[in-house]
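Peer 1: Starting from the given sequences, assemble the full structure and let the hints guide the process.
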Amino acid sequence: MALDAAFWRGKRVLLTGNTGFKGSWAALWLKRLGARVFGYALTPDTEPALFLAARVGTVERNTVGDVRDAAAVDAAFALHSPQIVIHMAAQPLVRVAYEQPRETYSTNVAGTAVVLDAARRCDSVRAVVVVTSDKCYDLRGVDRARAEDDVLGGAEPYAASKAGAELVTAALRSSLFAAQTLIRPCGLATARAGNTLGGGDWARDRLMPDLIASFIEGVAAPVRNPGAVRPWQHILDALRGYFVLAQRLWHEPAAFSEAWNFGPPASH
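Mapping of the sequence shown onto the numbering used here: residues 784 to 1051, in sequence order.
FYI, nobody ran anything at the bench for these hints, they're computed from the structure.
By construction, the Cβ of each residue, glycine as well, lies at the ideal position given by its N, Cα and C atoms.
Check before you lean on any hint, since a few could be wrong.
[Said to hold, decoys possible] Ranges between beta-carbon positions, derived for each pair: (1) Ala953 to Asp849: 15 to 25 angstroms; (2) Pro884 to Asp787: 22 to 32 angstroms; (3) Ala1004 to Gly793: 40 to 50 angstroms.
Peer 2: See below:
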């Protein structure tokens, strides 16, 4: 199924985490598709920040808020009556998760629960995409690309937080989002992507931004895990996948409400 611009025209989309790297690109593209984009996120935490450099805030209505704040999240849903929810808000960095595990778990796991609880109580919502990570899998004893039915796990805080977000979503999908529970059809899926590349990523501890910064400064580039093998893809490829998934959830919620991997055919 191709990305359908006509589908998005006029759709009300609540996008959490819209001030981050992925979220800023998502907001710009959705606006170009004709969607009515409502952002909910903390202020940008990098300098520079794509959200500010690309003036994302001028093309959408943005609410500054924390996804762990249930009252504020509920208010955003009540104000905007979104039809589609794309949940990207997260603590996205592995090293920060080591430094701040409690904050990482509360944002990535509890924050996901808050957003999904608000979505299932909002009668206008028809499709929800929860963006997690390919790091949600248990890596022990499997020397191949991960499949959606592989065991979830995590040997470090960030990976465990993403596995937790997956488990929260799966539990709500099979219970409170079940067809017999809601008064309207509503699809709920998770999107598990690997490393994304693209302009405007100024977050710390990212391989490509670090390589470019080291080249500009004329210093040796830090390589934290030279033996790692990861799937890489351009940011727009990942976003296109998320948007197409939302379309499918809208049209066929029962068939597409599950976990989906997004990545290239090979890892490097």
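Peer 1: The structure should be examined with respect to each hint, and the outcome stated for every one.
Peer 2: Status of each hint after checking the structure:
Remark: the range hint 15 to 25 angstroms for Ala953 to Asp849 is upheld by a beta-carbon distance near 24 angstroms. Our hint of 22 to 32 angstroms for Pro884 and Asp787 is violated, since their Cβ atoms are close to 41 angstroms apart. For the pair Ala1004 and Gly793, the beta carbons lie near 46 angstroms from each other, so the given range of 40 to 50 angstroms is met.
The structure fails to meet hint 2 from the earlier list, while all remaining hints are met.
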